[in-house]
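As given, the protein sequences belong to chains V and X, one line each in that order. Be aware that the first sequence starts at 1, since it is given in full-length UniProt numbering, and climbs by one per residue. Be aware that the second sequence starts at 1, since it is given in full-length UniProt numbering, and climbs by one per residue.
Heads up, some of the hints might be wrong.
[Stated by the list, open to error] So the derived label-pair ranges between C-beta atoms look like this:
{"id": "1", "chain 1": "V", "residue 1": "E83", "chain 2": "X", "residue 2": "F267", "range": "44 to 54 angstroms"}
{"id": "2", "chain 1": "X", "residue 1": "D304", "chain 2": "V", "residue 2": "L74", "range": "54 to 64 angstroms"}
{"id": "3", "chain 1": "V", "residue 1": "K30", "chain 2": "X", "residue 2": "E368", "range": "17 to 27 angstroms"}
[Unchecked claim] Derived list of chain V stretches under chain X, where covered just means 3 residues or more per stretch with a C-beta under 8 angstroms from a C-beta of chain X:
{"id": "4", "region": "24-30"}
{"id": "5", "region": "59-66"}
{"id": "6", "region": "78-88"}
I should point out that these hints are in silico values taken from the structure, not numbers from a laboratory. Everything numeric in this text was worked out from a predicted model, so none of it was measured. All C-beta atoms in this analysis are idealised placements derived from N, C-alpha and C, irrespective of residue type, glycine included.
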Amino acid sequence: RKVTVEVLDRLEHLALVDFRDAEGVERLQKAIQFADQLHEVNTDGVEPMDSVLEDRCLYLREDDVTEGNCTNELLKNAREKVEEYFVAPPGNIPLPKLEERETFLQGS
Amino acid sequence: ALKGGSPFQVSAALKEGRVTPTELCQKCLSLIKSTKFLNAYITVAEETALKQAEESEKRYGRGQPLGVLDGIPVAVKDNFNAAGIETTCASKMLKGYISPYNATVVQKLLDQGAVLLGKTNLDEFAMGSGSTDGIFGPVRNPWSYSRQYKEKSVPKSHSQEDEESNWVITGGSSGGSAAAVSSFTCFAALGSDTGGSTRNPAAHCGVVGLKPTYGLISRHGLIPLVNSMDVPGILTRCVDDAAVVLGTLAGHDPKDSTTIQDNFKPFDLPNLTDVSKLSIGIPKEYHAPGLSSEILSLWSKAADLFKNAGAKVIEVSLPHTRYSIVCYHVLCTAEVASNMARFDGLEYGHRSDMNKSTESMYAATRREGFNDVVRGRILSGNYFLLKQNYENYFIKAQKVRRLIANDFVKVFGSGVDILLTPTTLSDAVPYMEFIKEDNRTRSAQDDILTQAANMAGLPAINVPTGLSERGLPVGLQFIGQSFQEKQLLTVAKWFEKQVKFPMIQLEVKRHDHGAFQHQKSASFS
């Protein structure tokens, strides 16, 4: 069962990384094939395990501000900034469709 | 040079003034320079290290050292944040990122007066089992340059080219940390362990690699790979040192809600002499396909060692072992897909010049910043998390995870105290051979013996056991019960004493002084 171009395209959209080349797509195919071995295991009546610490009560801090005031520190690592803002390119513009995008999948 | 032997050497030497923290620091920095070809370090923090050493010296001068770790040079894997130092995760995505804070474990080391020499090399974002897939290049196993390896492996012609192409990998992904400890450039190093990334390179580099119980040590500041499995790992030259470092790092951290709240009491390891009350389990499924006959034999000898000393040694079964790699593959890629989503170029790290739209900037940034391995895992993870696949892959894997964890519960519940297994399938392979297979295949092969412990959150430790026919280190692994590190380390220490693993005879050619050998102290504590 091969993954369809639609799904590959969807994945590129969701992940915002690209398959790059045929090898990338093949890598996914192999990964799925590998993962399919899971279906050999009988898991009837077995609950999914989220965490090995599921039997314990995890600790939540009080919602009090204990640190901060480090705007300058944090902005230091950003490439584009204006005053105390991170600057992003315009939003609400969807990623170009498959036909218009620079992606390996175009040829498929 | 400080002679090897019993623990409590260097720390005692510092206390007695036989060596000063600055001398120690300078020696290590100098050794880092002369072993640069190992490529173990990404960043050497020379200035700050010397400052820390000076501060330590003042404290010793006043007779007020902070503890055993005061003045001890350490190194930290480059996926831990260390304030003011570049933290790259060996990826273009974080090149130039200067950490604004210390990871909790880094802070704890510094609070004890440890001297942070630098950040060590790894596979990009800790994804890999060779420490070969980072942007700074592969790490070389110091044993490649040992007399032991050269005598057994290098052809008699012994030319420069032969040495160049014969070097072996460190294993990974904490290869830089393992190499740093193994080559005496530091006395302890931090790694991380998600599928075996601390124990695997520890085995290949002949050092002790401890994976603590999940929830014992804070992950705050450790750039996450798999939140439900990651733990900081400890690499040292002997088990006692690992216990000391563990004592410094363990305990609840309000900044990491996955650390347990129980009070952790640092412990000294007793010198176990009577193992007759011990029950050692030998899981038969760990006789995995591809296990070298050498390691099988060493494992068997180790079991006999315990038996002859009076311990109960029994074969046990962990039936779901063979599915742990598949399970890990799905859960790991799923969590990675989520964790890597934070890298978008806006707040830190690499940012693409593309600025047509936010999404296209994100896409271009990630396209430019991540290597094939990382991208591959993100895409696979997203696939398994698609609505149509969620139940069949992600939830399914979570169910299998419970079965794997239950296998251990059953075995420990039946009276077994500790499990004894191999750590790796073979000794370290030459780099040229290792790169013939792709990262995922290699990881799947190499993680098979280590990652079930991550699935179940159990503590596990690699203890260097002997040398292979090629003169390279081979280690064995002990897996313990949750939060029973004291028992685990006590048994490991006893075993370490029995096997007397040989010290590496590192032959480092110095350009100015010709070849010389290092015989350094085995431990610091």
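Consistency of the hints with the structure:
1. V:E83 - X:F267: 44 to 54 angstroms: For F267 (chain X) against E83 (chain V), whose Cβ atoms are near 52 angstroms apart, the range 44 to 54 angstroms holds.
2. X:D304 - V:L74: 54 to 64 angstroms: holds (58 angstroms)
3. V:K30 - X:E368: 17 to 27 angstroms: The hint (17 to 27 angstroms, Cβ to Cβ) holds, given that K30 (chain V) and E368 (chain X) are roughly 25 angstroms apart.
4. 24-30: Contact hint for the region 24-30 of chain V vs chain X: holds, 4 residues under 8 angstroms.
5. 59-66: holds (count 3)
6. 78-88: holds (count 5)
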